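Line order of the protein sequences matches chains A and B. Position one of the first sequence corresponds to residue -13 (this note's numbering), numbered consecutively onward. Position one of the second sequence corresponds to residue -13 (this note's numbering), numbered consecutively onward.
Honestly, I wouldn't trust all of these hints.
Chain copies aren't distinguished; within one or between two, either way the pair holds.
[To be verified] With a cut-off of at most 16 angstroms between alpha-carbon atoms, the simulated EDC-like pairs for lysine to aspartate or glutamate come out as follows:
# : residue 1 : residue 2
1 : LYS28     : GLU45
2 : LYS28     : GLU60
3 : LYS28     : ASP61
4 : LYS28     : GLU71
5 : LYS28     : ASP3
6 : LYS28     : GLU(-6)
7 : LYS28     : GLU5
8 : LYS28     : GLU39
9 : LYS28     : ASP38
Hints are computed from structural coordinates only; laboratory data are not their basis. A quick note: this is a predicted structure, and the numbers were derived from the prediction, not measured.
There are 2 protein chains.
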Amino acid sequence: MQFDVLIEVRPRQGISDPEGATIERSLPTLGYDGVTSVRVGKAIRCTIEAEDEALAHAELEDLCARFLTNPVIEDAAISMQPQVER
Amino acid sequence: MQFDVLIEVRPRQGISDPEGATIERSLPTLGYDGVTSVRVGKAIRCTIEAEDEALAHAELEDLCARFLTNPVIEDAAISMQPQVER
Chain A
-13 MQFDVLIEVR PRQGISDPEG ATIERSLPTL GYDGVTSVRV GKAIRCTIEA EDEALAHAEL
47 EDLCARFLTN PVIEDAAISM QPQVER
Chain B
-13 MQFDVLIEVR PRQGISDPEG ATIERSLPTL GYDGVTSVRV GKAIRCTIEA EDEALAHAEL
47 EDLCARFLTN PVIEDAAISM QPQVER
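For reference, chain A alone in the conformation it holds in the complex:
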């Protein structure tokens, strides 16, 4: 069974995010008021082949913890849905 996956990697709460801070500081000058709390992370999309959703989720959790994130400063949120058969 194949699943379409989105892994959102984001800076943990309290960890500084210079890229987000820079965007947030610049926006009022550029004419965009009212945008706050800007945080920049990564969006990783992939496809995974696994027997069921629980197994796919476990493999992705492990993958995130070992390679895709730095658990000291980053969190990962995994969302997935079964791929529609073609």
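Since the structure of chain A is provided, determine the placement of chain B on it from the hints.
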């Protein structure tokens, strides 16, 4: 009215994504089979203050096209939900 926003910036279809390709190539060696089509983009989270959802969406579209993405090589997907009152 305040909205929690997620902007997913991803490489357009057909545009090469060296970071995603490198991850995909490494995974089988690291013991993860069955993960394919890896694409790495950005996940930008923010809060926007606007009168209604349509106005917020229009401002974000404009912001994405002008500053947050390079429309030649990147697409943006905006999702948002009203913030729960505290």
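Q. 16 angstroms Cα cut-off: does LYS28 pair with GLU(-6) within a copy, between copies, both or neither?
A. both (6 angstroms within a copy, 9 angstroms between copies)
Q) Quick one: LYS28 to GLU5, C-alpha cut-off 16 angstroms, is that within a copy, between copies, both, or neither? A) Both. Shortest intra-copy (12 angstroms) and inter-copy (11 angstroms) distances satisfy the 16 angstroms Cα cut-off.
(Q) At most 16 angstroms between CA atoms: does that hold for LYS28 and ASP3 within a copy, between copies, both, or neither? (A) both (12 angstroms within a copy, 14 angstroms between copies)
Q | Up to 16 angstroms CA-CA - ASP61 versus LYS28, copy category | A | For LYS28 and ASP61, both the intra-copy (10 angstroms) and inter-copy (14 angstroms) Cα distances are at most 16 angstroms.
Q: If the cutoff is 16 angstroms on CA atoms, where do LYS28 and ASP38 land: within, between, both or neither? Let me know, please.
A: Answer is neither; intra-copy 26 angstroms and inter-copy 28 angstroms both fail.
Q. Should LYS28 paired with GLU39 be assigned to within, between, both, or neither, using CA atoms and 16 angstroms as the limit?
A. neither (23 angstroms within a copy, 25 angstroms between copies)
**Q.** Intra/inter-copy verdict for LYS28 and GLU71 if alpha-carbon distance must be at most 16 angstroms
**A.** neither (28 angstroms within a copy, 28 angstroms between copies)
Q: Tell me, please, which holds for LYS28 and GLU45 at an alpha-carbon limit of 16 angstroms: within, between, both or neither?
A: neither (19 angstroms within a copy, 22 angstroms between copies)
Q. At most 16 angstroms between C-alpha atoms: does LYS28 with GLU60 qualify within a copy, between copies, both, or neither?
A. The answer is both: 10 angstroms in one copy and 14 angstroms across copies each meet 16 angstroms.
Hint check: violations occur at hints 1, 4, 8, 9; the rest are consistent with the structure.
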